[in-house]
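Participant: Take a look at the letters that make up each chain.
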Amino acid sequence: MTHRLIFALYLTSLLNLWHTVRQNNIKTGMAMKTSIECRSRHELVWAKLEPLTVTTSPYRRPWFGWGLLSDEGLPFDAMSMVLVGRQLREELSTGVPLLSLIPDEHAISVGEDSHIISDRVDRIIREVEAIGDVIDTPVDFVLASELKCLPEYKEALREADKLIEELKEDVSPYTRLGIADDVFMARAGGIKIGWTAVTDIGSKSGRYHEPATDLLAQIVEPKMKAVYTGPGRRMDINRAKAAPYLELMSTVQRFMLTGSDCGHFQDKAQACSGQKGAYRAAVELVKSIVDTFELNIGPLNGCNSLNKAEELVNRVAL
Amino acid sequence: MKDGHQRYTELNLIAAEQAKNILMRIDTKEFIPRKTQGAEFELFLVDDTTGHPVSETIRDSIIALCEKEMQKIGADITQELGGCAVEIRTPPVEVKPGFATNVCRVVGHSFNCLAKVSQLFRVIPLGAGTLGCENIPLTTTKEKYRRVPAYHNEHRRRSASLRLGSTQTELKGAESIAATGSIHINIAATDPEEALSIANSGLAFDGLTTAIHANAPVISGAVVPYQDVRIEAWERTHDTRDPRAVVAGQSSRVGLPSDYFHSLRDYFDNVLINPILLDVPDEVALATKIGTSWWPVRMKFPNNLLLVEWRMPSAQPSARETSAAWVFLGGLAEAGRAGIVKLPEFAIVRENSWRGRRGLDRDFLVENEHGATTRVPGRVAATSMFYLAREGLRCLDALDDKAEELIVGLEKRVWSGMTPAKTLVSVIHEYQQKMPLPQAIALAQLHLQRVA
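Here the protein sequences line up with chains A and B, keeping their order. Quick note: numbering that gives the first Met the number 0 has the first sequence finishing at residue 317, numbered continuously throughout. Quick note: numbering that gives the first Met the number 0 has the second sequence finishing at residue 451, numbered continuously throughout.
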C-alpha cells in the first residue's frame, strides 16, 4: 500500500514536471522549428519530447522504427522521417550512422507469421538502406529479436511491465515492446524519430499514437527524447492521416515510395483530386519533402513537386 | 588434451601477455629505429581468354616458378585467401633521394616476373579491388583460410544484410572476400609516438584514399552502386557484432575502429577485445589477433621492428599505378611521421570512410581553417592530401622528378574523375551490348588489365 502511495506521488510529480517541461518544449520546439525552417520552407518537425532530466551522457544517434505489418511497401511520407533523422544526425556530428530498429518481435507478438515477417525484414532493410544512400546518409539496422536477448533490454521490458501494472492500463503487446524499445534506446544515447497526428503531443486525441507510448516510456526513463514529424497522408477525406512508414489500407489513395504500387503520382493525384482537403494535404506533404530534399541534398529533375517526387522514387529503386 | 574452447581462452591470455611484453620492451628501447617502407600487393591470376580465376594448382605452380626470380630483388610471393590470388611482398625501400625510382624498380620487377611466368600458363595477373566474376573464386585450401570465413558465417548477426543496397546483388558469405585485393604499405617507425602519428594519419586519410584508388565497382557477377565495394563486402560478411555494440555505434574488427588510437596500449586493447579465431602456436598468438583485425591501419612488431601497415587502397591495374599509390601513400605516411597532419574529428573520418566507398563524386567533409566542417567535392578535398604527400617526401629529400611525375598522374586521375573503377564500368557497359553481364565483367577486367 505504501509503495503504491509513493508511486502515485512519484507519478504526480513526474506529470507535473512533464507539464512544466512541455510548456518549455513549446519554446524549445520553436527554436528547433526555426533551425529546420532555415533549411526548408515547409515544416517536417511537428513536435518534440524533451528529456525530463538534464543528462550528462550524450545523445549519440537518432533512431526510428519501421512497420512490418504490411506488404505494401513504404509510403512516400517515410522520407520525412529519414530527412529529419539526417538533419538531427548532422547536428549531433558523431559520424555514427542513423539507427533503424526493425520491430520483427513486435509484429510476431500481435500474431503475424514469423516466416512472412522474416521476408519483410529483408525487404525493409533493403529499402531503407537504399533511401539512406539517396539521402547521402549511412543507416545501421538492428532487429528487435536481437535486442531481446540483452540484459539491458530485458531490464527495460521488466520496468515497462511494472509501469503497465501500476497504471492498470490496457496496453497492447506491441505498445509494451514499444515502451521497452524507447527505454532501452534512450539509455543507449538514442533520440527517437517518430510521428504524431497532433502538434500537442500530450493531448488526449490520438491516445494510442506514438507520443503516448513515448510519454509512458519517459516515466520509466526520464532521459527519453524524441522528435516527431507530422502524420503521413492519404487522399481520403474519411481517413486522411496515417503512419508515415506503413500502409495498411489500399495504396490507391497514397503516394508510395517503394512496393508494387510506387510512383504514378500524377495519375493518383488526378484520380483523387476530388478528395479536397485530404488531397491538398497529401500533395503539400510531398512538396515539403521534395523541397527539403532539394535544399539539403541536391536538385531533382521534374517540372513540379510530383514529378520530382517520382524522380526520388526512381533513385530509391535503382 | 585441451578442448577447443580452453585452447582459445589460453591463446587470448597469451596474446595479452605478449602485448604487455611489447609495451615493456618499448619502454626499454629494444626496438630498432628505421625509416623505411615496404609494400604488399595482392593480384588475381585469371585465364587470359575468359578472365575467369585459375585453379589453385596453377596458382601454386606459378608461385613456385616465381619465387627464385623474386628473391633476386629480395621480394617474396605467397598464397592469399583467394585460391587464385597471390601476394607479393617487396623488400624495404629507404625513404631518401631516389625513393620513387626504387619503388618503380621493385614494383616493376615483381609485376614483370609474375606476368612472364603466368604467360607460360596462358594466365594474366590482374590488379583489382574485386574480381567481378559470377562465381567467386574458391578460398585456398588451408585451415586458416577455411576457419576464419566459417567463423564469420556462423556468428554473423541476423540483421547484417548481405544484399548490397537496393541491388539484387547478394554476397555469398564471408568467402566472398576471396575476391578482394588490396595494396598495403608497411612504414617502419622509430618510436611508439611516431608509430601512433603515422597510424592515426592513415585513419584520417581512409575515405579519400579509398576513393582516389577506387577499383572495385563489381562483385558476384554484378555492377554495384559503389566505386569500391571491397571493404563494404568485408564489413557486411564479417559483422559479428553484439547488438549492444551496434546500438552504441561501435565498429567491428573490420572497417574503422571506434576512434583514433590514443596510445599503444589503447591499440592493444582494441586488438585484444576480439576473440582469437585460429588455433596457432603460442608464439604467434598476438600476431594472429593483429592479423585478423582488418582496420585501415595496423601496428605490427616483427623482428624488433615497429611497423605501421596502411591498408586502404584497392589493388591497382598496373605496375605504374601501384608504384604511384605507394609513393603517394608513402609521402602521406612521412607527413604523418613528421607530425604535419592535422587530424580531423573522428566523426569526419567515419563520414568520409562511408563516402569513400561511393567514390570521388560524393561530397566529402573537411575542416576549414576556422575549425568548421564543410562539404566539398571529393577532388577538392583531395587537394590537401597531394600537398601533404609532397611535403612528407620533401622532409626526407625524396620529392624528385620521378615522385612528382607519379603524383601528378594521380592528380590528373582525381581531376578527371576517371578512377580505375569508372573506366571499368564504362568498358563493361560497352561489352554488355554484346554479351551477358557476368561475361562482360570478366572480359572488361581482362581487357583493362591487358591495356595496363
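Keep in mind that a hint or two might mislead.
Calculated from the model, a selection of chain B residues having no Cβ within reach of chain A, i.e. all distances over 12 Å [claimed, not checked]:
{"no.": "1", "residue": "Ile57"}
{"no.": "2", "residue": "Leu255"}
{"no.": "3", "residue": "His428"}
Some, not all, of what chain A presents toward chain B, calculated at C-beta under 8 Å [said to hold, decoys possible]:
{"no.": "4", "residue": "Glu90"}
{"no.": "5", "residue": "Thr93"}
{"no.": "6", "residue": "Gly94"}
{"no.": "7", "residue": "Val95"}
{"no.": "8", "residue": "Leu98"}
{"no.": "9", "residue": "Ile101"}
{"no.": "10", "residue": "Arg122"}
{"no.": "11", "residue": "Val141"}
{"no.": "12", "residue": "Leu166"}
{"no.": "13", "residue": "Glu168"}
{"no.": "14", "residue": "Val170"}
{"no.": "15", "residue": "Gly262"}
Don't read these hints as lab results, they were simulated from the structure. Backbone N, C-alpha and C define an ideal beta-carbon position, used for all residues, glycine too.
Participant: Next, verify each hint and record whether it holds.
Facilitator: Results of checking the hints against the structure:
Remark: the non-interface label on Ile57 of chain B is consistent with the geometry, its nearest Cβ contact in chain A lying 38 Å away (cut-off 12 Å). With 12 Å as the threshold on Cβ separation, the claim that Leu255 of chain B sits away from chain A is violated: the shortest Cβ distance comes to roughly 9 Å. Look at His428 of chain B: its CB is around 15 Å from the nearest CB on chain A, clear of 12 Å, so calling it non-interface holds up. Given hint, Glu90 of chain A at the interface with chain B, is violated; its Cβ is 12 Å from that chain's nearest Cβ, farther than 8 Å.
With its C-beta approaching chain B no nearer than about 5 Å, Thr93 of chain A sits inside the 8 Å limit, and its interface hint holds. Interface restraint check for Gly94 of chain A: the shortest CB-CB distance to chain B comes to about 3 Å, inside 8 Å, so the restraint holds. Given hint, Val95 of chain A at the interface with chain B, holds; its Cβ is 3 Å from that chain's nearest Cβ, closer than 8 Å. The interface hint given for Leu98 of chain A is met, as the beta carbon of that residue sits about 7 Å from the closest beta carbon of chain B, less than 8 Å.
Proximity of Ile101 of chain A to chain B holds as hinted, the smallest CB-CB distance being about 7 Å (cut-off 8 Å). A cut of 8 Å between beta carbons decides the hint on Arg122 of chain A: the least distance to chain B is about 10 Å, and the hint is violated. Interface restraint check for Val141 of chain A: the shortest CB-CB distance to chain B comes to about 5 Å, inside 8 Å, so the restraint holds. The restraint placing Leu166 of chain A at the interface with chain B is violated, with a minimum CB-CB distance near 27 Å, outside the 8 Å limit.
A cut of 8 Å between beta carbons decides the hint on Glu168 of chain A: the least distance to chain B is about 27 Å, and the hint is violated. With a least beta-carbon distance of about 24 Å to chain B, the hint placing Val170 of chain A at the interface is violated under the 8 Å criterion. Checking Gly262 of chain A against chain B by beta carbon gives a least distance of about 15 Å; that is not within 8 Å, so the hint is violated.
Hints 2, 4, 10, 12, 13, 14, 15 from the earlier list are contradicted by this structure; the remaining hints agree with it.
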